[in-house]
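> Listed here are the chains, written in short residue letters.
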Amino acid sequence: MNRVVEHSEEAAAFLKDEKRAAWHDETLWFVRAKRDKAAHKVADWEELRETASQIKDHTLSNLDEYLIQFEKKAKENGIIVHWASDGNEHNQIVYDILTKNNVKHVVKSKSMLTEECQLNHFLHYKGMAVVDTDLGEYIVQLRHEQPSHIVLPAIHLKKEDVSKTFHEHLHTEKDNIDPTYLTRAARKVLREKFITADAAITGVNFAIAETGGFVICTNEGNADLGAHANKIHIACMGIEKIIPKAEHLGVFLRLLARSATGQPITTYSSHFHRPKEGQQMHIVLVDNGRTRQLGREEFRNSLKCIRCAACFNTCPVYRRSGGHSYHNSVAGPIGAILAPNLDMKANADLPFASTLCGSCTNVCPVKINIHEQLWSWRQILMKEGYGGFAKKSAMKTMAAVLSNSGLYRLSGKMGRRFMGWFPALINNKLNPWSKQRDMPAPPKQSFNEWYKNNRKNG
Amino acid sequence: MKVGLFIPCYVDQFYPQVAIATLQLLEKHGCEVHYPLHQTCCGQPMANAGFASFSAGCDKNFTNNFSGFDYIVSPSGSCVLHIKEHLHNNGKPEQATHVRHHIYELTEFLTDILKIENITASFPHRVGLHISCHGQRMLHLSSMSEKVEPSFSKAEQLLNGVKGLQLLKPKRVDECCGFGGTFCVTEEAVSVQMGKDRVTEHKANNVEYITGGDMSCLMHLEGILKRQKSAVKIVHIAEILNAQ
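Going line by line, the protein sequences match chains A and B.
FYI, in the numbering used here the residues of the first sequence are 28 to 485.
FYI, in the numbering used here the residues of the second sequence are 44 to 287.
I should point out that these hints are in silico values taken from the structure, not numbers from a laboratory.
None of these values were measured; they are calculated from a predicted model.
Do not take every clue at face value.
[Unchecked claim] Below, computed lysine-lysine pairings styled on DSS-like, alpha-carbon distance capped at 30 Å:
hint : chain 1 : residue 1 : chain 2 : residue 2
1    : B       : 103       : A       : 423
2    : A       : 372       : A       : 331
3    : A       : 64        : B       : 212
4    : A       : 43        : B       : 276
The shape of chain B in the complex, shown without the other chains (with noise of 0.2 Å):
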């Protein structure tokens, strides 16, 4: 199984330790996992900001990186759904779509694909779930509290497996922590509000780690944490079940 891993641009540059696990991870599970060198962004940020008629040069590069491999794989909801909604490649269009079809994010193909049952990793700490809105509510990695429907959580599904690992929920489960890409500046006192709102339910189940899988809004949390001193640290979801 090959596999192509995409890392967000963002976590590239500011937290590779989340993309040196995602790679141990599937390696570890028997994927022959390539990186492609000039991978760059999934054009989300123009896109969500009014100008995805910008994001065709990302869209190029993308479709030139990732269209050779039978799944791509990424260690976020948010990117992987831009992806698959709205990559375009006029000029390439039958890769575009085997792109948009095969791109996963990395705990729905530990599940779905690689269909793993139990994950040999131990991480003995209380742990707070912040559960990303682009994952949840548009790829469907967790049932929704606003829906009738059955419960499931493909992050939790893995967690649980995870030795001395205690998963806590904050009290609102599935609030968005107010990230929202060019939102987080344009809109800074609602967004800080709403991450301040998320933190202060996590401290209120004294968690030591806030995870998830999506770094964006993980890097917003931790954000507010280290301006308010906190010992509380955030921890990405590929971290903890890459941890021995």
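The shape of chain A in the complex, shown without the other chains (with noise of 0.2 Å):
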């Protein structure tokens, strides 16, 4: 992906429409604090993140020997299962086992495996028509946008907008913005594409190595309609989706909803195991820098995320600069340390869309430290040159100057008589900090300076 505009950039821009940004903050706020309301409600609460997140570093150690494990139960269960370096080879496999099938007509509930490698394109290209029928996908695919969030992909739309879109699309009643009558337009729709589609495509949440079963998670069924409707389903997982037991999936289920939306489960958690009769049943195993993540200390416990976006809702960057600032399959935090892992060039803006308050890590399920990877990716960036020259250097000569007593105290004195002389230069908006808010006003003489002429036991 080619980054044109930086984060800040974009940030900026979203900000531009006041009440809308603030509208999109309360909204994700509201669902942050039905989170917090959920995880107050379960006494052992911490307890479970800490075992999720031991259940998730094992199985991270052992990767290999689990997936292998899975590989072999799913196969003698009669899936088909698939091997994919990068998200290519991914979309090539899928392609190939849709048009070996003669299949022109696909349906996909949410995965945000194939967002990633940008698996609806690729197949578009090649003539095939797939349509997204979680509800909020559906809605930013007839945008011909990305999903600005993992798990609420058109939150930064309201109502109105989805009303204009229907009607551009499925022209339904120009302006009327209930709700339920929005929805019912986009079911009936839906109803038509499950039936007369020829394969379903969906994501995986879990997959158990020891049964060769997954299973996947929807609040609106649309997963179970497509893989039950259809003869072909395939299953497209990234390599960190595996757990070693059936019934670590007790530690996860209670978890990913709470975290994701307050919810105490999402309303279907269906088992996949074997295909039924007559169906082919397929899976897809995508490394896609996953491998390369393993192998970065500071950064593989990344991978143990599940995808819930506790810190997307929680994030106060986030939730002032919407996802589609994030210019990444997965925006956030979570998507900040993961992205650079991709492309270190598109993304070094990324790891900076930070304050590193922290709030992400707390949220987190898996206890993934992700506040900490954004200061490590941090360091990684500028050594690697992704800074430029001049910040590099504005840099050095700002650590020489903090570092050096004299040099400091020079410094000090000359900007703060500079600040009284010449108030209006400081406060000029060109600088940024200026722009919207005043600089302090410059005593006259430094704490250093006043206990020198007041106190002599330095």
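Fit the two chains together into the complex; they arrive one by one in their own frames, and the hints show the way.
So, in structure tokens, the structure goes:
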């Protein structure tokens, strides 16, 4: 993905519409508050997070073995297993399955992996029609947009926007913004798509090594409708979705929906083990940089992520900049630590789209130290030269001044005098601090000077 | 008890009254306070911008200035956190370890080391509390809204003893103000919006002052308040605890 605009510029554009931006912030804060309420109802919540974290750590340390175990069991169950080293290979595998079976129409339920691999784009150019059946994804698909949030893909849109989009594409009544009316209109179209499709693509939330089965969580039941109504079911998953045992679902399913939306559990938690008679069931296991991330000691535990988006909802920066400003399929704090692994140059701005407040780390149900990884990515990206020469020299000068007591006092004194003499220059709107903020009034003397004048025991 | 007073660079330059209040407060509670005159900065501005590799000079200077004290105390959670997490000195590793293990943010030093239960201060005003993230989430100076844990706050414990003070909390009790070091200029739009939102919630409580443990957050909020020509003022917690 080629970055044209930096996160900060996109965020500034997003904030221009103050009312809409405030609504976006409030809406996602409401989801965060629901998450808090749900978490506080579970007395052993912190223990549950720790357990989940340890299961994932263990799994990542033995990922090769669990993947092989999963493949073996899945095959025994009659599932066809494919391996893809990157996004292109994944897309080609899916395309080959579809063409081999003369598929023309595909329904797809939510899968961030297929977004990451840009499967829709790939299949579209091959002349195949893919319809996203998650309501939010369907809306953004009609608008030729990317999801702005991994759980709430159309959260950047208001019902007025949806009404307009549906009026344009589905010929619903103009300006009818009743959510029930609009949802029913989408349902009518989507039901038809489920029935007339030739194949269903789904994501995977959890794949269980000991059984060879997998679990898909949705609130709309759209994954089930697709998978059950079609002769071909292709489930696409990143290799980090493996968990060792079925009993571990008891930990992850309790955490997932509570962290995501504050629900005790997703409306549908569907378990798939084998194809029904006459059906083909495929699983595509995708690496796409995951083994590279596994090899980065500081960042490997980002692969524990179960894609609940709690870190999005709590992030004060995400809420005020919107998902599209992250120019990556996964936005938010977790996206900002996953994206540089995929392309350092294109995503060098993302680890800086954070105040390092640490709220993301606190809500993460699998205890990923997100804010620490943001900090570590900053070090690596600057070391690799993605900060540019100007920033590097400015920082070098700053470091030289701040580490030398004499230079520091001299520049402090000059700076304060300068500010005292020319306050208008300091509060110039070209200075990013002063665009919407005043500088502090310069005191007559620094503490150091006061101390020398008033105390002698230093 | 020999205490080294660490005054962050921007407090030294812009808010000397906060440093004076900290010094007087510690002395009032029986500490023998020394202020090493050659101290500068903790190195955090470079490190958070991705240039931790440039902070060796700051680390060296910090170790030289502060390794001789029983405790090092500073009126800033953020700078203390940086020293605790990132101070390294290859030439003097033992001294660096001593500094990392004996540096305290002011309120935690007052409650945990000096074990002050009754503060003798008076500040008869409506005061909003801004919780700074590094102090809260990384130094654990208070419980966190994201976590299922018993509620506590070292700042509140102290402020509750201040005569006449009415403590008021914003609706989102511990949301970040948006300062974030260089973030405040590199992501200017988001930073300011976050600050404005904090200010709005405090104003809804009709506060006269906004206080907190980190002057950097307060400087950011002050900048916004002043631009809005608001009557709400900022005051560091050390100034309140030292007020008579």
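> Does each hint fit the structure? Answer for all of them.
Okay, the hints, checked on the actual structure:
1. B/103 to A/423: holds, 16 Å
2. A/372 to A/331: holds, 24 Å
3. A/64 to B/212: Distance of about 19 Å is within 30 Å: holds.
4. A/43 to B/276: Answer holds: residue 43 of chain A to residue 276 of chain B is near 28 Å, not above 30 Å.
Checked against the numbered hints above, the structure breaks none of them.
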